[in-house]
Amino acid sequence: MSRPIKVVMAKLGLDIHWRGVYLVSQFLRDAGMDVVYIGNKFPEQIVEAAMQEDPDVVGLSTLGGNHLTLGLKTVTLLREAGMDRVKVFMGGVIPPKHIPQLLDGGVHKVYGPDTPMETIIRGINEAAGQ
Amino acid sequence: MSQESSENKACIFSQEQLQVIRQGYEDWFNSVLTEGDRRDEISGKYLTHSGIPIKLLHTPADVAHVDYTQDVGFPGRPPYVRGVYPNMYRGRPFTLRQLAGLGAPEDCNLRVKYLLSHGATGVNILFDLPTIRGYNSDDPEAEGNVGHCGAAVDSIWDIDAFFKDIDLGQISASIVTHLPSTSIVIPGMYFTVAAQRGVPRDKIAGTCQNDFIMETCVGSGPEILPPEVSFRLQCDVVEHICKHYPRFNPISFNGYNLREAGTDAVAEVGIAIANAVQTAEELLRRGMDVDAFAPRMSFFWDLHNDFFEEIAKCRASRKVWYRIMHDRFGAKNPKSCLMRFHIQTAGVSLTATEPLNNVARSAIQGLAATLGGCQSLHIDSYDEAYSAPTEDAALVSLRTQQIIQSETGVINTADPLAGSYYVEYLTDQMVQRIDDYVKKIEEMGGLVRAVENGWLHREIAGYNLKYQKKIENGEMKVVGVNVFRSEEGKSRDIEVYEYPETYSRQKAKLDRLRKARDEQKVKECMQVLRDKCHTDENLYPYTMEAVGHLVTLGEIEALFREEFGLWTFPLIS
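Sequences listed follow chains R and H, in order. First residue of the first sequence: 1, per this note's numbering; consecutive thereafter. First residue of the second sequence: 131, per this note's numbering; consecutive thereafter.
Bear in mind the hints are in silico, worked out from the structure with no lab data behind them. Every residue, glycine too, gets a C-beta built ideally from N, C-alpha and C. Every clue listed holds true.
Stretch-level coverage of chain R by chain H, calculated; a stretch enters the list once three of its residues show a Cβ under 8 Å from a Cβ in chain H: (1) 5-15; (2) 18-27; (3) 32-45; (4) 58-68; (5) 114-126.
SDA-like cross-link-like pairs, simulated, lysine to any residue; straight-line CA separation at most 20 Å: (6) R:97 <-> H:629; (7) H:599 <-> R:121; (8) H:596 <-> R:29.
The following block holds chain R by itself, in its conformation from the complex:
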């Protein structure tokens, strides 16, 4: 049997809104994934956690407007650390017009408010090849 999908979930930088990220973490856990919620972390710390945990997916949550800066920085640092395999998902309050920039920058998927949990679970299952 294959191991469960492993997900590292983080609140990006200084953003204070933990409701969504923790909820998604709980739903992913209920869906059978191995979820580590690391709380508020900066890009370097997220990459460090990813090196230790070796996840399939890194989930970044922000409602604080730092998606283009710290979000893209996290993707770049992950690539530089050789973790190309890790798919980065983002969620939170992200203006639709910024989404193409995030996807171009290597973010795998962006989920805004109102996204059903089912969609997120399916998205991660597909991305992790299961």
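Fit chain H to the supplied structure of chain R, relying on the hints for placement.
Showing chain H alone in chain R's frame:
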């Protein structure tokens, strides 16, 4: 309710009348309702958002024990269920308080003037995340967040710029500081600027948020001070401001953000009141008189979707507070027993899907806030799920408030829903449930303890899971999201304010500031503050002294972290 005591009570209906009403109800229930209706009613499946049973029909029998004079009363008289002022909105309509804060302080200054010139009577000053969490704009932690979602404030220069050409003796400024550790700094900057402009202390009106729950529970962050430290700073702020700034509210017990983080209406009020009770106990321990601080304690409620329950919550919270202040703390000044509150409509109820629907949601919530008797109101903007409010959206919010005040006529009479069997029943239920919740927290050793051991975090996380499951399975309906979905109107391109130049402007200003200040003085102030952290003394005079010598917010917060150490947010796995 015992038989003897009910004889002396001024119950609205006599026992004979109630007997007739009960019989009538039975008859109606059994012979008029269909069997399906009866089954539905017996199943008890209709509940308010907080879980209070809702009957198909409420009658005087549901409020038979309510004594009009003791339990409901008159506006401006105990127990203040009907409002805190005798003439309510005829005398003073609720303050139209809209949010302002984006980019650099200079940008905010324009927004504040814009709102004031369109009839706003107060402003809420919002800060960007580095300011909220106590970092300077040029600290590495601030990267990517400077000027987003609020204004960047590093020093008194920024407060001066924020309020350029605005008479600080004329406005009421709500300084939304969140944390006690920044409330001991930023309002101090405001007071310093006011003093420099010659505004007398007794003319300075406003509120700061100052709630340790915001630091330790509601908001998460990379660096968090321990709950007991945050609570100490919270009390320092209240003590100092009460002694020196008679028109400034030093604390706004924040039910709003708790609710947004995830609680029901009962817990929202119960937790905020538990915090107020522990704060009062601490200030009494410090030797203050209850009447020296209680009149300046204010509250901040969320106004969520369950229309009547929310109105009942507002009415009930005033009564619970009155009884605590009067019966338990023995307050003599009637103002000590008045619960005054600001309301914001529920951001968490707004959707990114079909954002214009949010105008309707917020208007209904704003109406409920008015019927609940709030003292000031912020109506959320329809672009809430996209960004901090844009100018157009902020204007619609302000206009919604003005429509409620000027067109609907609802402000012409005090507490218009009083006497509704349903609303009085809910109010009574809310009073009991809030009382029980406060008691539960006190039995755990108080709110600081309940935060330290992660109880409150688990309570919130558990609530959220339950609520979200109801949305996912459709039990809780969200129009446009899980019911009445349409493909075309899904999202809208909403113009988002961006201030990419804020960082460089703030950075340049900080560079100038560091050259302009007397470094020797800065060192001295910092050393004194550092030493005082380890005493019982109130730290406010020392942070005030420091900001006056151009010490920055980030420097003071870094000092607190060094001296007090950090605490790990529960729930991290």
